[in-house]
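Trainee: Given next are the chains, with one letter for each unit.
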Amino acid sequence: MHAGPIADSIVRIEGLTKRFGAITAVDGVDLEIQRGELFALLGGSGCGKTTLLRMLAGFEVPDNGRIVIDGQDMTGVPPHLRPVNMMFQSYALFPHMDVATNVGYGLRREGVKAPEIATRVAEALEQVKLANHAARRPAQLSGGQRQRVALARALVKRPKLLLLDEPLAALDRKLREGTRFELVRLQEQLGLTFVMVTHDQEEAMSMATRLAVMNTGRVAQVGTPHEIYERPASRFVADFIGIANILEADGGWLAVRPEKITLSANRLDAANTVAGKILDIAYEGDRSLYRIVTEGKGTLVVSTTNIDRTRPASFARGQGVWLGWSAEAGHRLSE
Amino acid sequence: MNGRARFAFTVLAFGYAFLYLPIVLVIVYSFNESRLVTVWAGFSTKWWQALFANEAMLDAAWLSLRIALVSATTAAVIGLAAGYALARAPFFFGRTLFGSLVIAPMVMPEVVMGISMLLLFVGSEQLLGGPDRGFLTITLAHTTFSIAFVAIVVQARLADFDRSLEEAAMDLGATPWTTFRTITLPLITPAVGSGWLLAFTLSLDDLILTQFVAGAQSQTLPMRVYSSVRLGVDPQINVLATIIVCVAACALILSGWLTRRKV
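Which chain is which? The protein sequence lines are A and B, in order. Quick note on this note's numbering: the first sequence kicks off at 2 and runs consecutively. Quick note on this note's numbering: the second sequence kicks off at 52 and runs consecutively.
Source of the hints: derived by calculation from the structure; they are not laboratory data. Treat the hints with care, as some may be off.
To be verified - Residues from chain B that keep clear of chain A, each with C-beta distances beyond 10 Å, as calculated:
no.	residue
1	Phe69
2	Leu76
3	Ala132
4	Gly150
5	Leu152
6	Ala155
What the hints assert, rightly or not - Chain A stretches covered by chain B per the calculated footprint, using a threshold of three residues with CB under 8 Å from any CB of chain B:
no.	region
7	71–81
8	104–110
What you are looking at is a predicted structure, and each value in this text was computed from that prediction instead of being measured. Yeah, the Cβ is synthetic: ideal placement off N, Cα and C, and Gly gets one too.
Here chain A stands alone, though its shape is the one from the complex (with noise of 0.2 Å):
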């Protein structure tokens, strides 16, 4: 868990619960959120990560526990009135209308005055590079597009907090990862708090100040990215996270991580050592994972940089090796 109040929090969540019929799907959830930070909520699908996120706008109404949002209690407090806008995974453009008058709609409904709506919808138009799209429908654009419109829609608005629900999901591969550095960029620039679900560890760890790793309505923990990575607080996380081999030591739990072990045909000097044979290698390019069985410390997984262009691995399928990890390179885990 998160050690430490927050200096200045935007959103306090406590004690949430939420329950469709016989699923609780938010279990007692306590989280604050710092004001200027990018917030993820990763977890798999069904966790309660997007319910959390729909109580947060108003869509849906906790059983239990309070939101405050900058200071105000948002029980009963309808979607329409709360400082809060969403990002929608299907991003929800509205067909009947053009690029512009999607974005100017929230600013309709504040009943601010023509001239002005024209400034910053051209304003938020220009912040995700759509200004000569305006008069476009969306049915007109390609999904990266739209979804910058639908970013344009909220932004405009100028919310306390913007909730980005799966905001990268519908897009292919290789616009995701540039779209990523975009939203984290916009994010800095604007000043603003964003609340992201996604059930993408890579897209969380990446674009994260803080995240909450979620499992069945739980928070299963909350920290920076380097936190969740190399202090996992359970073996949940631990193995949710990346690729975690976990020891038994001591009557606990050691989480290793599979690039924090060496591997050698020799005997290796280090703090931990274990004879292996090699199961097998997958190789992914940048690295290799071999999966070892050792003797008495079960399958371990182990990967090595690909340094070296010519070979496609440095060992071999059957080969006898030594394994060997450091004594800082494990975490204790707690449960």
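Position chain B relative to chain A; hints supplied.
Mentor: Chain B only, in chain A's frame:
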């Protein structure tokens, strides 16, 4: 053209001939010179002139048109509300019953509806002294069964409506009513429009129900046509049929265009 294509076109031609040849004959014979419906005696527009001079027929047509316009419009408004409630309202007690009650008039025999409506209007006449049977009672009866058709079309359209559009509008600050007005309604207007056209057409050619609730003085077009056919057919009927086919074709094209239209 190869053999298979020729075969396909032949089958198609027969199919269309079977469906549309009678209608084409009706249109052609509306320009017949002869007084007999089945004997061709040269081109003439005299039956067209006769029809447009036929006061009784024109009055009946005008009455039918007014009833169709008013009942379709009323049914569109009530059917929209019913369809919206069926598709959107969260569970309420008696929802299933309400759903069945809305569509019941679609499957109920018209004779049953006619009897029940007649009893209702007779009863209200005895108790309240009105309404007089005629335009008002026919319009009410037509509205009653048309609601079901509009409600079904609206409900079907809302069932595959992307809910996140409505949520997005509310998220951007729209009240539930503004959301309905600016997002939901514009997007389901084609469905309401085709429901309206359906109701309009159903009202225009309804005979059975109308006969139960019509007064002695009010004769709608189908009633007029039916009684004149019993007295002996005159090529004016062909002219009338031609006009109705044209109106129906226009309505069909419009309805199709409304449904296909990209919003």
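Trainee: Does each hint fit the structure? Answer for all of them.
Mentor: Quick rundown of the hints versus the structure:
no. : hint    : result
1   : Phe69   : 40 Å, holds
2   : Leu76   : 44 Å, holds
3   : Ala132  : 21 Å, holds
4   : Gly150  : 22 Å, holds
5   : Leu152  : 27 Å, holds
6   : Ala155  : 31 Å, holds
7   : 71–81   : holds (count 3)
8   : 104–110 : holds (count 3)
The structure shown violates none of the earlier numbered hints.
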